[in-house]
Amino acid sequence: MKRQLIGIRKDRRLMSKLDYKVLVGLEIHVQLYTRTKMFCGCELAFGAEPNSRVCPVCLGMPGSLPVMNRQAVEFSMLAGLALNCQIAQFTKWDRKSYYYPDLPKNYQISQYDLPLALNGFLEIPMADGSLKKIRIRRAHLEEDAGKNLHTAGNFSQVDLNRAGTPLLEIVTEPDMEAAAEVRALAEELQRIVRYLGVSEADMQKGHMRFEPNVNLIITRNGQEFKTPIVEVKNLNSFRALENSINYEIERQLERFLETGETMEMGNKSTRGWDDAKEATVLQREKEEAHDYRYFPDPDLVPVRVSEQQLNEIKSRLCELPSKKRLRYIKEYGLSDYDAGVLTEMRATAEFFEAAVKAGGEPKRVCNIITKEYSREANERNCTIPELGVSPGKTAELSKMIVIGTVSATAATSIISIMFKSPEQEPEQIAHEHNLLQKSDAGELEGIIDEVLKNNQQAVDDFKAGGKKSGKARGFLLGQVMQKTKGTANPKVAGEILDRKLSQ
Amino acid sequence: MDLLSARQLRDKIKNREISSVSATKAIFECIAKVEPTIGAYISTFEGEAIQKAAEIDKRIAAGEKMGRLAGVPIAVKDNMCTTFGTTTCASKILANFHAPYNATVVEKLLAADAVIVGKTNLDEFAMGSSTENSGLKQTVNPWDTTRVPGGSSGGSTAAVAAGLCYAALGSDTGGSIRQPASLCGVVGLKPTYGRVSRYGLVAYGSSLDQIGPVTQTVEDCALMLNVIAGHDPADSTSVDEKTAPAGDYLAKLDEPIKGLRIGIAPHFNAGADEQVRKAIDEALKTYKNLGATLIEIDMPHFDYAIAAYYMVATAEASSNLARYDGVHYGYRTPNPNDYIEVYTKSRAEGFGKEVKRRIMLGTYALSSGYYDAYYLKALKVRNLIRGDFVKAFEKCDCIMMPVSPTTAFKIGEKTDDPLKMYLSDIYTIAVNLAGIPGISIPCGFDDKNLPIGLQILSPAFGEEKLLRVARMFETATDWHKKRPAINE
Chain A
1 MKRQLIGIRK DRRLMSKLDY KVLVGLEIHV QLYTRTKMFC GCELAFGAEP NSRVCPVCLG
61 MPGSLPVMNR QAVEFSMLAG LALNCQIAQF TKWDRKSYYY PDLPKNYQIS QYDLPLALNG
121 FLEIPMADGS LKKIRIRRAH LEEDAGKNLH TAGNFSQVDL NRAGTPLLEI VTEPDMEAAA
181 EVRALAEELQ RIVRYLGVSE ADMQKGHMRF EPNVNLIITR NGQEFKTPIV EVKNLNSFRA
241 LENSINYEIE RQLERFLETG ETMEMGNKST RGWDDAKEAT VLQREKEEAH DYRYFPDPDL
301 VPVRVSEQQL NEIKSRLCEL PSKKRLRYIK EYGLSDYDAG VLTEMRATAE FFEAAVKAGG
361 EPKRVCNIIT KEYSREANER NCTIPELGVS PGKTAELSKM IVIGTVSATA ATSIISIMFK
421 SPEQEPEQIA HEHNLLQKSD AGELEGIIDE VLKNNQQAVD DFKAGGKKSG KARGFLLGQV
481 MQKTKGTANP KVAGEILDRK LSQ
Chain B
1001 MDLLSARQLR DKIKNREISS VSATKAIFEC IAKVEPTIGA YISTFEGEAI QKAAEIDKRI
1061 AAGEKMGRLA GVPIAVKDNM CTTFGTTTCA SKILANFHAP YNATVVEKLL AADAVIVGKT
1121 NLDEFAMGSS TENSGLKQTV NPWDTTRVPG GSSGGSTAAV AAGLCYAALG SDTGGSIRQP
1181 ASLCGVVGLK PTYGRVSRYG LVAYGSSLDQ IGPVTQTVED CALMLNVIAG HDPADSTSVD
1241 EKTAPAGDYL AKLDEPIKGL RIGIAPHFNA GADEQVRKAI DEALKTYKNL GATLIEIDMP
1301 HFDYAIAAYY MVATAEASSN LARYDGVHYG YRTPNPNDYI EVYTKSRAEG FGKEVKRRIM
1361 LGTYALSSGY YDAYYLKALK VRNLIRGDFV KAFEKCDCIM MPVSPTTAFK IGEKTDDPLK
1421 MYLSDIYTIA VNLAGIPGIS IPCGFDDKNL PIGLQILSPA FGEEKLLRVA RMFETATDWH
1481 KKRPAINE
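Sequence lines, in order, name chains A and B. Take the first sequence: its position 55, counted from the start at 1, is 55 in the numbering used here, and no numbers get skipped. Take the second sequence: its position 217, counted from the start at 1, is 1217 in the numbering used here, and no numbers get skipped.
Chain A extracted, bound-state conformation (with noise of 0.2 Å):
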């Protein structure tokens, strides 16, 4: 998809002939879900009332101290490793230092030095089927601060519900080289997060915000230009995450074009998105020289993390969105599509895996999975495993459709029935509703008789032979299935239907 570009192109052969690499490093900001705040116990509450989730420690009070929330440790540790992290053994707790008026102690408490995981590397599913590798630099735990509201006239206010909330933060190398490649990654950020339950990922409560960092190494007559880096600040949807950074990768080959300038010490600059203008708007010019006076928090004790804590949280671990998906296309035979229906939320992979182990036939299981599953789950707005259908019965429907108990037609009036009626048995509903497919020759035998008896006419053409001959056939075979609503056996009926014919 092509994007509208502001500002005047001013040769646009010019721009196509230049030669230049695109490179996106993302920090991403993955609210947790734990109870409560990440250093109090106020719980976690979305959309409250202002200023009702709140304690002294996180409103800043004199006196109070934090103390930190474990599962938000345990979380960002098995966050971390599935991020492919090494996990510290001792990490500690740093205060991050500046004013704003959401931010009640004025300092932030954040990890500097010693962040909780470091090194790792997440794969992204390509376009082509393969995996990317991408590097992880760092993943740290913070507290999120609150939110302004300039919405009183002329006073600001300001909520501190969400003050204190746990934030990890993603911090990856500069290794993607398109936008799609950033949006491929902070989906399957989402998706495994999503699996191993640390967040929601809810993008529109902002559970998960993203902050690209983009340039461009431009060659021209064999020579290298980079391109000032450019950061977008706090995007909330894929969408724009995505439409931010092929604006940038545009606007910046134009302002080179335009300038020629190139990435020196400072030159970085800061820009917000536009969602309504689909630009990028300068917010900073040059990257102000920020001494956050970093410095370890003496109210918090080191965290020191002992191997055998490392293995529990290990034991916690499961497949990975990428690695079942690649899997399901090994093992199964899946198409890439269905295997990314299948993994794309972790209540789903495992009805499906539960459904073939039950003896389901994973073709079969996918196909219901993923068209009546899928549709009215999506209309209950609920899971697959709250749709209450048992994997065991959704295999024994599969199983009977292989074998031919019954037919894809009779399969969805099977289905739909299920969804009201879960606990019934598929083959007991097929009994009850007569959807029983029909593969006694002798009864069928007595159907096709009538039917070729009432049509002389295609039955005439059939043996004309020549174009006609084919469709005559098929409209006999469409009244047996009429006659039977469905339930005849094509294969056996068809067959009977040629031996008749011929004779």
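Bear in mind the hints are in silico, worked out from the structure with no lab data behind them. Computed from a prediction, not measured in an experiment: that's the story for all the values here. All residues carry an ideal CB built from backbone N, CA and C; glycine is no exception.
Derived coverage of chain A by chain B (criterion: at least 3 residues anywhere in the stretch with Cβ under 8 Å from a Cβ of chain B; other residues may be distant): (1) 56 to 67; (2) 91 to 105; (3) 298 to 311.
A few chain A residues that don't get close to chain B, going by computed Cβ distances all over 10 Å: (4) THR36; (5) THR219; (6) GLU231; (7) GLU264; (8) CYS318; (9) TYR337; (10) THR409; (11) ILE447.
Starting from the known structure of chain A, arrange chain B on it as the hints suggest.
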């Protein structure tokens, strides 16, 4: 007036020989008479205190099981949060601040049925050695009202010395309990870092701050420590019960330590005034007479303590005090032009000179490019000093030295020379850097009838033994019974 000790009063109240109401009323009569001169309190709670005392008397009459401080009038330094009254830290920036919660130590005092009579003056945010840095009022020394009470817990020590309460809580970051206790002739204990919860103590230097008792006797000190010590889940730096359980500090208090080995470093003591030195030497003689042996120890890094302290404490302070910004609570400049001015003007107008000096010093020490040379180096020195103590304690059970190189100095004498003021903490500061406990007990007077304190130090979490060592001296001498003439 001859005041009972807190423990004596508690027993008499429990036995219904004295009512808590009459004891509390007597304290407020004393406050009415003497407090205008002393200026120990920032706020008092006469009505509430008498009401609380009446409730306690009623419960005692009803035969209820009472707490360890049943009915005893106690004062709290005004840098500990209370839901009643204000918590000012003696700063204009918090002059009208009402805390939404009680500090853990305050909860513990209330649970022990103490009657909290008021909140005492201090150097603003506990930064100082004379209480002259209070942004709200001046406290004077009850032994000589032209002199300072020491600081920063000068309000608490002056109140105990002048009989304006039976015991008090102070906080000690670089000597702020021991030095004023010495200058006011009372007992002051800085417990081991982590022994007492800091939750609700308004932070100055978080890795150094520790709450402790200010009392008339060592026995009261043990009683108070029994009430306030122990792990607090709200303070991650408070020691857990497995590592170092809080003991019963009264249980064996009267058992002297046999074969006590006292560590001394004669060359430190040389830095103190002659009269102070003499008093310390006399005290050591008393211990020798009690069977103790003196062992010379070496503290090779002691001389760097003040420099290291003023890096660590100010660095932490610059960050701890960042929250006083006029945005969320506390003083806000009346007419800011923009939000930046809310910060700059509120802080410029709200903080006093010494607080600003330390914030600037700490901010500088933490700045990128200077961090390694100042803050990190100070942490290294701190480790060396800690090591010095560990090594010294291999040879001795406790270390003794002066608390302050001088007795109480004149009001205004050192205010123009911050460095001179800083140097008055020479004997106390290393103890905070090492995190070990230290106590100041009265051990004599100079020729101006100003009290002198003896400082006793012990290994970390060795309070039980430390108090017993101090008690040995108390039992053998009468210095702690001397009272200033202010009430006569």
